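K.L.:
Spelled out from the first residue to the last, the chains are:
Protein chains: 2
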Amino acid sequence: MPSNGTPHFERRLLNKIQSLTGDAPIRFVFQDEKGVLPFQKEPVDTVLITDRKTLVAMALNPEVGFGDGYAAGTIRIGGDLIRLLENLFYSGAATGRGGLYRRLWERWQDWRQANTREGSARNIHHHYDLTNEFYKLWLDPRLIYTCAYFPSPSATLEDAQQAKMDFVCRKVQLRPGERVIEAGCGWGALAIHMAKNYGVSVRAFNISKEQIQFARERAKAEGLSNQVEFIEDDYRNISGTCDAFVSVGMLEHVGSENYKELGAVIHRSIGNTGRGLLHFIGRNQPRPFSRWIRKRIFPGAYAPALSEALQILQPWNFSIQDVENLRFHYAKTLEHWLSRFENAAGEVEKMFDAEFVRAWRLYLAGSLTAFRVGSLQLFQVVFAGSERKQIPWTREYLYRDETQTREESRWIHAMS
Amino acid sequence: MPSNGTPHFERRLLNKIQSLTGDAPIRFVFQDEKGVLPFQKEPVDTVLITDRKTLVAMALNPEVGFGDGYAAGTIRIGGDLIRLLENLFYSGAATGRGGLYRRLWERWQDWRQANTREGSARNIHHHYDLTNEFYKLWLDPRLIYTCAYFPSPSATLEDAQQAKMDFVCRKVQLRPGERVIEAGCGWGALAIHMAKNYGVSVRAFNISKEQIQFARERAKAEGLSNQVEFIEDDYRNISGTCDAFVSVGMLEHVGSENYKELGAVIHRSIGNTGRGLLHFIGRNQPRPFSRWIRKRIFPGAYAPALSEALQILQPWNFSIQDVENLRFHYAKTLEHWLSRFENAAGEVEKMFDAEFVRAWRLYLAGSLTAFRVGSLQLFQVVFAGSERKQIPWTREYLYRDETQTREESRWIHAMS
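Protein chains in written order, with the working numbering: chain A, 1 to 416; chain B, 1 to 416.
Hints in this document: simulated from the structure, not taken from any laboratory. Accuracy of the hints is not assured; some may be wrong.
[To be verified] Distance ranges between label pairs, derived from CB positions:
| no. | chain 1 | residue 1 | chain 2 | residue 2 | range |
| --- | --- | --- | --- | --- | --- |
| 1 | A | N237 | B | L137 | 55 to 63 angstroms |
| 2 | A | A264 | B | S225 | 37 to 45 angstroms |
| 3 | B | A354 | A | P286 | 50 to 58 angstroms |
| 4 | A | N197 | B | L137 | 34 to 42 angstroms |
| 5 | B | P153 | A | P315 | 27 to 35 angstroms |
Only a predicted model underlies this, so the values are computations on that prediction, with no experimental measurement involved. Glycine included, C-beta positions come from ideal geometry on N, C-alpha and C.
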């Protein structure tokens with residue numbers, strides 16, 4: 001579409017966009033067939049906008065305008081994408097608030113993405129049913145799509161995902177013969193790991209059809225079909241009781257309006273004597289995900305402040321035992337994913353198209369940046385029923401030799 | 001005072017008191033000069049009420065009536081006090097809600113104990129200025145009046161208090177030359193420990209005159225007067241900046257109405273790049289301390305739910321790094337204190353009187369019980385400014401050999 005605007009108008013839009021980034025060392029440049037319109041400033045990285053529609057979209061809604069323009073190829077980055085995103089994050093441009101019109105539009109979007117039972121199914125399908133083949137290109141072989149735990153920063157992704165699963169199992173102190181419910185089980189790696197290595201039986205829930213099918217096949221291949229049941233259903237329909245309730249990376253899709261119900265589900269599962277773990281992306285303060293992320297990548301997603309997530313547990317008198325923040329581990333996990341994704345970009349483009357590749361590059365790079373700069377956090381919360389008496393005396397057992405820990409009973413019977 | 005009531009009236013009061021305890025294996029018995037009025041039930045422990053005024057008080061306000069009656073000696077326990085208190089806690093009798101009259105009276109009490117600057121001074125004086133000689137009879141030699149950390153349950157109290165101070169220093173990763181502000185420093189043990197063993201300079205605040213005097217003398221005797229400054233002032237008057245903000249056992253006396261101001265104090269101390277630790281008695285759910293404890297022992301005290309305490313940090317975009325629940329360590333600490341207190345009961349009675357001894361026995365035993373059964377929790381919360389980049393990669397360093405940890409740099413510079 002040829003540009004009909006005057007350079008004056010375009011300069012004003014550029015000025016507005018530039019002003020949103022404060023002192024960040026970024027130069028915004030507009031170029032169409034008429035020539036180049038740079039903004040005069042000491043530059044480090046350059047954002048080249050090659051389309052007037054994108055320029056207008058950027059000025060009206062910077063998050064979505066930037067994301068969509070980058071994906072469409074009408075925004076090109078001169079310099080390093082991660083460094084540019086870090087500078088954008090620090091400048092606050094990625095988190096600014098807009099005017100009335102934008103806020104009304106956001107309300108509508110939020111309503112459209114509400115996590116009702118039907119809404120959740122639609123939202124989850126949008127992201128997780130992109131085909132298993134796609135995720136196989138850049139996740140680890142077990143398809144674990146949540147933050148890993150790197151015992152040291154140089155650990156491999158595979159080792160770090162293994163360590164994460166062990167960390168979760170040990171934090172909830174699984175013992176052979178116990179029953180576990182997992183809410184939001186992805187492709188089933190953790191459920192299978194728990195059954196195989198900790199001798200527990202697992203009922204694992206997920207509303208993504210493709211993931212559940214994959215998980216069932218893996219359990220069958222491992223000979224664990226009797227020990228792990230994969231159930232294609234919403235967490236709100238979880239029934240039955242268990243000794244430990246575990247949820248890794250589902251809370252982001254629950255939505256704070258459903259925390260009360262999730263708490264009720266957990267309480268009817270473990271009662272006052274069980275224990276559980278919630279692993280989720282969080283925030284220092286209540287704030288929605290980037291608008292672009294919610295629009296294009298994760299409809300309906302919300303990362304709560306820790307105080308908000310505690311509203312799931314508090315009404316049921318659950319006792320918070322341990323909270324750990326692993327945000328740098330998620331940044332490291334995303335470094336691995338982004339690197340693998342880049343290596344597979346050609347294949348991804350064949351599966352989808354170049355716009356999809358750019359959108360996902362931006363999503364992965366933006367998430368990496370958000371965890372690095374602290375715009376996002378990763379919390380693991382361990383909790384116990386109000387009447388549970390078997391609480392570890394200290395957390396030392398988590399950091400000792402694993403085989404030693406597994407063999408020893410580390411329970412303290414605090415009361416007679 | 002001779003009883004003029006009919007046995008029928010007294011029986012009704014006993015019935016009411018007994019009904020509050022549900023199925024708890026406790027028998028309430030009334031005995032005055034006219035004879036004995038037992039309630040028929042399979043007994044384990046017996047509560048003997050020997051005064052009609054106490055019987056009425058118990059029926060109207062069980063918490064205060066029981067506490068005051070026990071202290072006055074008009075309630076006597078047949079059996080084990082701790083076991084009886086545990087049964088009372090589990091029965092819910094210690095936490096029940098009363099009628100309108102009682103709630104109005106409670107409002108008035110709360111108002112009278114409000115933690116304004118003047119109110120805090122009065123409330124703190126009530127408890128902490130009972131004379132240092134009193135606390136020397138049953139605390140450890142350094143007079144540490146907060147939850148210890150027992151590396152193993154059999155550690156001595158002295159070793160456990162030493163371990164607690166090291167645990168706090170290592171959780172905030174103190175390094176030589178850094179500046180620390182401590183809010184609510186008790187008799188100064190932690191401030192002196194930090195200066196002596198971690199090479200930091202400390203400004204420590206407290207509004208208890210007796211404690212500050214004692215702390216200053218100790219710092220002088222240790223030759224640390226240049227490194228540790230003890231300031232007799234309210235936490236709201238803390239000025240200046242520091243690298244780490246530490247508060248151990250003060251939050252209970254702050255009152256949730258002042259959390260916003262405490263957060264502002266912390267933020268102006270450490271800014272966006274420092275870190276801090278809050279160590280405090282908490283709850284699974286918002287709920288006031290026992291009425292008797294607030295009336296007789298800790299006026300103005302409040303133990304927050306974790307979600308409430310996070311309201312101190314959230315407005316300032318602080319990042320929660322680590323939360324640990326050490327409630328069994330407080331139960332163990334209280335076992336030591338109660339045992340020492342019993343050994344010194346004769347001397348305490350000479351300092352005060354028999355009623356004081358009974359009141360403090362009940363306070364220590366009741367607190368012990370509350371931590372055991374989970375009515376109270378003990379939280380250590382480690383947090384960092386939103387722009388802090390030096391975050392430990394894992395928590396493993398907390399559990400490795402101490403000398404090794406101190407020598408090694410355990411910092412991960414997460415960003416270039």
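K.L.:
Work down the list of hints and note, for each, if the structure agrees.
P.N.:
Okay, the hints, checked on the actual structure:
1. A:N237 to B:L137: 55 to 63 angstroms: Given about 60 angstroms between the Cβ atoms, the range holds.
2. A:A264 to B:S225: 37 to 45 angstroms: Check failed, 57 angstroms falls outside 37 to 45 angstroms.
3. B:A354 to A:P286: 50 to 58 angstroms: At roughly 53 angstroms between Cβ atoms, A:P286 and B:A354 fall inside 50 to 58 angstroms, so the hint holds.
4. A:N197 to B:L137: 34 to 42 angstroms: violated (52 angstroms)
5. B:P153 to A:P315: 27 to 35 angstroms: At roughly 32 angstroms between Cβ atoms, A:P315 and B:P153 fall inside 27 to 35 angstroms, so the hint holds.
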